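Undergrad: What follows is each chain in one-letter form.
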Amino acid sequence: MPTALRAERGVTLLRGRRDGLEVTLAGRDVADALIELEARLAEQPSFYRGASAVASFGEVLPSPQQLGQLSDLLASAGIELRALSGRAEGLEALARAEGFGVEAPRSADLERRRARREQAEVRLSEAATSLVADFAGARSDIAQRRRRGEASVPRPRVETPEPSRQLHVVEAPPGTLYQAATLRGGQALHHTGNIVVVGDVNPGAELVATGDILVFGRLAGIAHAGARGDESARIYAVDLAATQLRIATFIAAEGDAKRKTRATPEVAVARDGRIAILPLDHLADLNGSGALA
Amino acid sequence: MSGRRIVVTSGKGGVGKTTTTANLGATLAKRGKRVILIDADIGLRNLDLVLGLEKRIVFDLVEVAEGRCQLRQALIKDKRFESLSILPAAQTREKDAITAAQFTAIVELAADQADYVLVDCPAGIETGFRNAVAGASEAIVVTTPEVSAIRDADRVVGKIAQEGKPIRLIVNRLRPEMVRSGDMLSVDDVCEVLSIELLGVVPDDEEIIDTTNRGEPVVLDETNRLRAIYDKIARRLEGEIVPFTNFENQNLFGRLFGALKVG
Amino acid sequence: MHQLQSESPQAQPGTAAAKLGRAIVLTSGKGGVGKTTTTANLGTALAIRGARVVLVDADIGLRNLDILLGLESRIKHHLLDVLEERVSLDDALVPGKHGDNLFLLAAAQSREKDEVETAKMQALIASLRERFDYVLIDCPAGIELGFRNAVAGADEAIVVCTPEVSAVRDVDRVVGLLGNRFRPQLVINRLRPQLVKKGKMLSVEDVNAILRLPLLGVIADEPAIVVTTNKGEPLALHKETQTGAAYHAIAARVAGEDVPAPMPPAARTSLIERIGTLLGGKRA
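Keeping their order, the protein sequence lines are chains A, B and C.
With the working numbering applied, the first sequence corresponds to residues 201 to 493, in that order.
With the working numbering applied, the second sequence corresponds to residues 176 to 438, in that order.
With the working numbering applied, the third sequence corresponds to residues 534 to 817, in that order.
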């Protein structure tokens, strides 16, 4: 992948600061980033209303058209693009020409330190980073369906008991589906609630749960937790080697590097708009909402 | 102008339909064509594996057919090429999850956005095969120079010919030394049985197994001779007259084996 | 050539004391991995050992088992003729070329798989089990109706897989579809030890790390297999060859013998190659 397209590690696209929002386009392909930004904003359309934002471009110099697209996109979510920041030659002139303020770029040092700190906490491969933009289109569709109230995945099978002779039907509360067998390729478990598999989930198999997913074995297929939008859902596995992990509307896939060390139990959580994988002994650090303390 | 809709089929499994679809598609894309590959093997999908795109699948053919997503969302763009995308099959469904009419509609939709739509057909001659052929206006039949494969290809040629669709032949996994020793049928033998236009001859290559396992189409390897061979196939598909390489058979058992066609 | 013996009298077909034979389906999902070759060779090996064996080609419309046995010119009637009661089973069974206890029930070539009724297929296999020690069913590729019909009459399954990612995935799917009724055993076909050593092919361990099935045997790839296929002479007829021996070992295990665990054939060098090396020639 060309270097210019590689997103800077650990720096999120849209981030809150004390004085408003920051859209970090540095190190990204502007067109891809705009698609991803649109998807992010679509998920919580009125959340940012009234905020102002600074767009930081790093070395990249956007075209006036791209700048206009960005400004319009933010405006449609009620966000005012107030200033640009970056090191590219001509950025300042562009900002003034289009009527935006200019913000001095943060010292490269500070950015690097921040990036390193965030990097130490998450493990995200290059492939997964680029996938974020790929899936943005898919996610926007998922987000739209959620807004319309449809499930973002094939409707999970809800276990309901036989209707009783009385007038009302009792719907069983979502529980945990327990499967003590390996799931072979092409088999799928969809469940309202949590899913526990004692055995492997082979490549080509699929788990979809509205709650958490636990695999007491090797997870090599696709696992989707929080399928109705619960971003605090988690995926645990003794050997986490999934083809794809999905939590709520976030999707990630591992890089291609073959794992040489013995697998250790890990958990996948969603934070900061992406999926992070943590060794299970860090479980104690996860507080109730699923965010790292 | 709508693109060409070509099904790659064989009857017999394991002769190289998926590898051919992937490599021919990649070659056409390298030549500047807009190519969409569609995996019609619902439940046994492999096209995504062969191209190394498995991890990027979000939506699939069946979900497009059921209207749960749009075609453009299901298409996965292969970043190694300018204009190559694939529509993966569903893995957790069965072949009856889609009707011939639905499949045809999707192929036609794809053809509106591409110069070439290649459909990777499942093995056999059942529903999956029928659906895959229904959407196409032309066919490429792949066979190996073995009696069982040829017999199956013949059955398939018979079925497609009934629909009046043009059919061309690719002979795959040829081993010239085995043809010379009389242990394998020659291309001429194959053509004589099947009587359809020969599009190409691809020799057996050890590298294919490894590159397939790793999800890299062999035509990406500049040092592999298959690259040039698929290029010739692509050119013939485009209508160019490209001569076949002839290896005159030196080993005369008192009769001429016929020029050994490769390429 | 081997002199094939029939089994002892109590196994003669039709007698009340005859034990019910075993119906084993050979399947894979992926085409071209060697199901038919394995069916032909396993059947041949079992017959050489003295069992009464019938091979059933369930690949309606794409029949190939007859070619592998060299019987294509001797097919007068096929499976659908029997199912549709146009001929008796006896008339349709084609004796193998070698010995008198191997028979073939060929598929129809010009018919379709959906013309087979599952219940009738089950009844046919059941009646074959009364007459034979082993009923080997050669399953078509895929997971559609043809597959389901082939599996319907069987009570055991052997899955055949090659050391390739696509094949492993397809076989895994099939194992899932076979469900709890079967405990399939695995035959790994077309292994090339040289390529495995170079890291260019999956090893037996790689394959079974996903499939996790009891291993029945491993067959290494060799050009002789294609040759004998085209000539209609299964290699199991030649027990002294590497492949022939491998199939006989598989047959022994199927028969319940305790044959030592199958090891992938070592990348053994043939005499020619060794001499070549000594003389400074290129290794194949």
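It is worth saying that the hints were derived from the structure and are not from the lab.
Here the structure is a predicted model, which is why all the values come from computation and not from measurement.
Glycine is no exception: its CB is placed at the ideal position from the N, C-alpha and C atoms.
A few of these clues could be false.
[As the list claims (entries may be wrong)] Some residues of chain B that are not near chain C, with every Cβ distance over 12 Å (derived):
#, residue
1, 220
2, 229
3, 266
4, 277
5, 286
6, 336
7, 366
8, 374
9, 383
10, 407
11, 411
[To be verified] Not the full set, but computed from the structure, chain A residues with beta-carbon under 10 Å of chain C:
#, residue
12, 301
13, 376
14, 379
15, 381
16, 385
17, 386
18, 404
19, 420
20, 428
21, 474
Undergrad: Failing hints, ascending?
TA: Violated: hints 1, 2, 3, 9, 12, 13, 14, 20, 21.
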